[in-house]
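Here the protein sequences come in this chain order: A and B.
If you use our numbering, the first sequence corresponds to residues 733 to 1142, in order.
If you use our numbering, the second sequence corresponds to residues -8 to 236, in order.
No wet-lab data here; the hints were simulated from the structure.
Incorrect hints may appear among the rest.
[Unchecked claim] Below, a sample of chain B positions facing chain A; criterion: calculated Cβ distance under 10 Å:
hint: 1; residue: A67
hint: 2; residue: G68
hint: 3; residue: F95
hint: 4; residue: G99
hint: 5; residue: H101
hint: 6; residue: M106
hint: 7; residue: R120
hint: 8; residue: P123
hint: 9; residue: A124
hint: 10; residue: E128
Glycine is no exception: its CB is placed at the ideal position from the N, C-alpha and C atoms.
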Amino acid sequence: MSFMDILRTAVYALRGNWMRSALTSLGVIIGISAVIVMVSVGQGTQAEIDRMVSGLGSQRLDISPDVPRSMGGVRMSASSFFTLNQGDVDAIREQIPEVQLVSGTLRGSTQVVFAENNAATSWQGVQPDFFDINGWVVAEGEGLQPQHYTAADKVVVLGETVRRTLFGEDSGIGQTVRLGRTPFTVVGTLRPKGQGGFGQDQDDVVLVPLETARRRLMGAMGLPPGAVMQISLTVADARDLGYVQGEVESLLRQRHRIEPGAADDFRVRNISEIVATRTATTRLMSLLLGAVATISLVVGGIGIMNIMLVSVTERIREIGLRLAVGAGPSDVRRQFLAEAMLISLVGGALGIVIGIVGALLVGRFSELPVQLNVQVIVMAAAFSVATGLFFGYYPARKASQLDPIEALRQ
Amino acid sequence: MSTGDAAGLPRSGAVPVIQTHGLGKVYAAGTEAEVVALRDVDLRVDAGEFVAIMGPSGSGKSTLMNLIGCLDTPSAGRYLCDGVDVATLDAEGLATLRREKIGFVFQGFHLLPRMTALDNVAMPLGYARVPPAERLERARAALEAVGLGARVDHRPNELSGGQQQRVAIARALINRPPVLLADEPTGALDSRTGEEILALFKQLRDEGHTVVLITHDAHVAAHADRICIMRDGELHEASHEELHA
């Protein structure tokens, strides 16, 4: 039989039982579209992380308080929670020459008000190096000047999201806004960064001088003098990162008078470690998603095999007749394989369409990053062919090995 | 009890279309359930003959038909189908031989229910790799030859039993096989329709086809030019007494 004959016979047979054929290919449709959506989400997440890694670089360390949970896990007072202070920042800058930039920060959240507009946002109290460490660029205005830091002036630099909420199209430079109850003069706006690697809006922030924040924004928290919540630093050469991390740890242990063997009251985090952890997590997630999708495809394939076996049994007389009029075993095998392939290819084609649409919808309406590429679609197409071949072969072989005498007698 | 020299009308010097020597078939050989279905059968059918093989059920006539029809291979002896020794063939080879040499007509018609008469008749040509246009043309001609020219687009369930059997005969003839093998072709038909089908076989014989008819019914067998009788796995040329018993 020619290829067209085989195809036509298969279409004929499947149309004769179209409801059953449609339900069978539904298994493949679900499997293939699941593979596409899942793999796209996995790849999108990975791409997001890669972007984050290249954005942050691996030259950065972040130090934050890490209070040991003594006293049976009872929470300490605020003063014992803020273990880092300005003295630590200065000591790191002065005693570790490999450190290029360093900034202590305070942070909190507040309501920013201009006229009738207000925005709930987070503020950060920063030192001059903070901008370079975090890749912030002042878009408009003079930004925070040295005298602002020393005089603890009430000046603020607005992130793009906050600026837009308060001023719409205007830059807002020179205007007075209130952070809580305190009036601040806007001295700059930040160039937007967009969505961060963890899906948050990085531009929803305002920056003020550290000392200003300490005096005006921390409120009645009973902060120890000179306290900072986080110290961020960069090294000039990424290869020094491990060495600097060790130096920072021993310096802070010495300054905090931590006995040998006692637990640190701070924690130094290497951003590349965070990224590595996150990459591993993502990889595991992709693997699980892929496994789930593959399982659903296998279930779809088993559906095909099941229906083809039923079909062989039902059409045993037809098979017997075809063998009697001169169809060889290979003709019969090809015919049943063609039917299985047709189910899985139609299912695969529809699954690819639904998968692409589904991936686009996920990208549009959820926080999950989605990356759809041609390889995924080619892979899905190959999967559907493989499913048809793999699960169609056994029933087709069974049909071809029927004894024509037995088959005719049915 | 021997080759059909005496009773047959062999065409001059031609190879017999069916020739068996000492053909035997044993099922479940070597076990307790061993059945000798066929024993030492010598049969010769020449081109253009109309031969009936008659016997009660269990006599081995179905086994003989399966062997003649190349659906099965013998346990002993030789079978030359139009000069080809079937013992040398595998499943694909047997299929090819069936396609080229045998046209089957069954008691139950065995038409494919979802296809029209025309498609049913044309179906074997697909396996013979005949181009599609020629297939339909030949199928139409075959249906006309069995008197169903006006029914080509009907499905089997729209045809009477006799008409369905005519479609099946047209299908059997479509590859122009040397042997038409009919297994109880009138078994599912009333006697008048059965007579018509038998008349059609005679007509086909007159046109030069070779017909082998397998039946248990002496009245049906009587339409043939020559009758062989199967009994307990052995084949006899029918005697005068047996024919008129």
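Evaluated hints:
1. With 10 Å as the threshold, the beta carbon of A67/B stays out of range of chain A, its nearest partner Cβ sitting at about 18 Å, so the hint is violated.
2. For G68/B, the interface hint is violated, since its Cβ never comes within 10 Å of a Cβ in chain A; the closest pair sits about 19 Å apart.
3. Given the 10 Å rule on beta carbons, the hint for F95/B holds: about 5 Å separates it from the nearest Cβ of chain A.
4. Evaluation of the G99/B hint against chain A yields a held restraint, the C-beta minimum of about 8 Å falling below 10 Å.
5. At its closest, the beta carbon of H101/B sits 5 Å from a beta carbon of chain A; the interface hint therefore holds under the 10 Å criterion.
6. For the restraint placing M106/B at the interface with chain A, the shortest Cβ-Cβ distance is roughly 8 Å, inside the 10 Å limit, so the hint holds.
7. A least Cβ separation of about 7 Å between R120/B and chain A falls short of the 10 Å threshold, and the interface hint therefore holds.
8. For P123/B, the suggested interface contact is upheld, since its CB lies about 8 Å from the closest CB of chain A, less than 10 Å.
9. For A124/B, the interface hint is violated, the least distance from its beta-carbon to any beta-carbon of chain A being 12 Å, above 10 Å.
10. At its closest, the beta carbon of E128/B sits 16 Å from a beta carbon of chain A; the interface hint therefore is violated under the 10 Å criterion.
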